[in-house]
Amino acid sequence: MSDKIFLIEWHEDRLAVGITRMDETHKEFIDIINRLGQAADEHFLTLFNYLIEHTHNHFQDEDIAMENSGFPPIFVHRNEHFRILDELKQLADNVEKGDFDAARAFICRYLPEWFCMHAATMDRALACHLKAAGMVDN
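Residues in the sequence shown are numbered from 1 upward in steps of one, following the working numbering.
These are computed hints drawn from the structure, not numbers from a lab. Some hints here could point you the wrong way.
[Said to hold, decoys possible] Each pair of labels, with its calculated beta carbon distance range:
#	residue 1	residue 2	range
1	Q38	G70	36 to 46 Å
2	T121	R35	17 to 27 Å
3	E67	H43	15 to 25 Å
4	A132	D93	40 to 50 Å
5	G134	N49	28 to 38 Å
6	M135	R35	29 to 39 Å
From the three backbone atoms N, C-alpha and C, an ideal C-beta is built for every residue, glycine too.
I would like the entire structure built from these sequences, with the hints used as guidance.
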């Protein structure tokens, strides 16, 4: 029996958007979140900084795709990205000082639910738009 606890589990029917690059990026995001959920204090800072870097690159890729494709709700979607990344960066200040409590709470209690909703709604809408615009190489 495994002691591993998953904060987010990948479910193809609920989280897949049907674009390989986006789905792989989302799986990586989930893996980082799950690792952070169990990370010992001595590994938390490094992993948290990696989450911020990954999230920045992830959101930047989506933002560029939205801009290049003329995605109509770009500002709503981009604002969600900005809000989450801003929260992570604010939490990083405490994490840098060795205070992990707020970051752990955000990762365990808020981020999984937010991500699942965001992927199933906003990212799925973006994927449908990109497919319809013929901008997917899959």
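Against the structure, the hints:
1. Under the hint 36 to 46 Å, the C-beta atoms of Q38 and G70, about 41 Å apart, fit the expected range.
2. A hinted range of 17 to 27 Å for the beta carbons of T121 and R35 is consistent with their spacing of about 25 Å.
3. For E67 paired with H43, a C-beta distance near 36 Å fails the hint of 15 to 25 Å.
4. For the pair A132 and D93, the beta carbons lie near 41 Å from each other, so the given range of 40 to 50 Å is met.
5. Range check, G134 to N49: Cβ separation about 37 Å, and the 28 to 38 Å hint holds.
6. At roughly 32 Å, the beta carbons of M135 and R35 sit within the given window of 29 to 39 Å.
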